[in-house]
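> Order-wise, the sequence lines are chains A and B. Residue numbers for the first sequence follow our numbering, so the first one is 1 and each next one is one higher. Residue numbers for the second sequence follow our numbering, so the first one is 1 and each next one is one higher.
Just so you know, these hints were derived from the structure itself, not from any lab. Backbone N, C-alpha and C fix where the C-beta goes; we use that ideal spot for every residue, glycine too. There is no bait here: all hints are sound.
Distance ranges between label pairs, derived from CB positions:
#1 Glu69/B <-> Gln80/A: 41 to 51 Å
#2 Asp66/A <-> Arg73/B: 35 to 45 Å
#3 Ser7/B <-> Ser40/A: 13 to 23 Å
#4 Phe20/B <-> Asp58/A: 37 to 47 Å
The list that follows gives simulated cross-link-like pairs (lysine-lysine, DSS-like), each with its CA atoms no further than 25 Å apart:
#5 Lys71/B <-> Lys42/A
#6 Lys98/A <-> Lys70/B
#7 Lys56/A <-> Lys98/A
#8 Lys55/B <-> Lys71/B
#9 Lys53/B <-> Lys98/A
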Amino acid sequence: QKEVEQDPGPLSVPEGAIVSLNCTYSNSAFQYFMWYRQYSRKGPELLMYTYSSGNKEDGRFTAQVDKSSKYISLFIRDSQPSDSATYLCAMSPYNFNKFYFGSGTKLNVKP
Amino acid sequence: DVKVTQSSRYLVKRTGEKVFLECVQDMDHENMFWYRQDPGLGLRLIYFSYDVKMKEKGDIPEGYSVSREKKERFSLILESASTNQTSMYLCASSLEVVAYEQYFGPGTRLTVT
Chain A
1 QKEVEQDPGP
11 LSVPEGAIVS
21 LNCTYSNSAF
31 QYFMWYRQYS
41 RKGPELLMYT
51 YSSGNKEDGR
61 FTAQVDKSSK
71 YISLFIRDSQ
81 PSDSATYLCA
91 MSPYNFNKFY
101 FGSGTKLNVK
111 P
Chain B
1 DVKVTQSSRY
11 LVKRTGEKVF
21 LECVQDMDHE
31 NMFWYRQDPG
41 LGLRLIYFSY
51 DVKMKEKGDI
61 PEGYSVSREK
71 KERFSLILES
81 ASTNQTSMYL
91 CASSLEVVAY
101 EQYFGPGTRL
111 TVT
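Next up, chain A with everything else stripped away, as it sits in the complex (with noise of 0.2 Å):
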């Protein structure tokens, strides 16, 4: 079994609408939880990241994490044509030696 799951997608949805992409992990010793971008043909950026459990936003962006059900969420609002790109959950215990990377979702925002 994985450490972290993640859909593939990809998903395709139009512009303006509410995107929400998940990951669900197995080991409960994670507790950063990080979100990244990865536009084609460029190297992932980080979006988000949350300590612990809890919801974080900022703009457009919300970041919630279950640490009881071993999920975590990612919302776009008003998604963007600009939005279009791979998303990668990531994680690491508190030592941070190691990321643990979701194989990441493909999201396309059509105009």
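Given the structure of chain A, go ahead and fit chain B onto it with the hints provided.
Leaving out everything else, chain B in the frame of chain A:
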């Protein structure tokens, strides 16, 4: 602005060749990482380094080695390239105290024929 650069965007090598992938970061980061990215498998950690001349194996170190002689430079070496090492290779770096953020280079797409 942190910059992580990789020596090549595209590389084509033959089976059995020794291959060097170079990565340089300009922000004095302690930690550096090498990943490979394959469809459906995501990013898998090959090796990482938390200091000069220090290295630790990641999840898939077989067939690879690394070198970190200077803080800003981290090299990935394929001793004898094989076709199953055809992949996208990504280098990343992070500050010790802000380790939830890794800064990635643009990647090197390596094809081994």
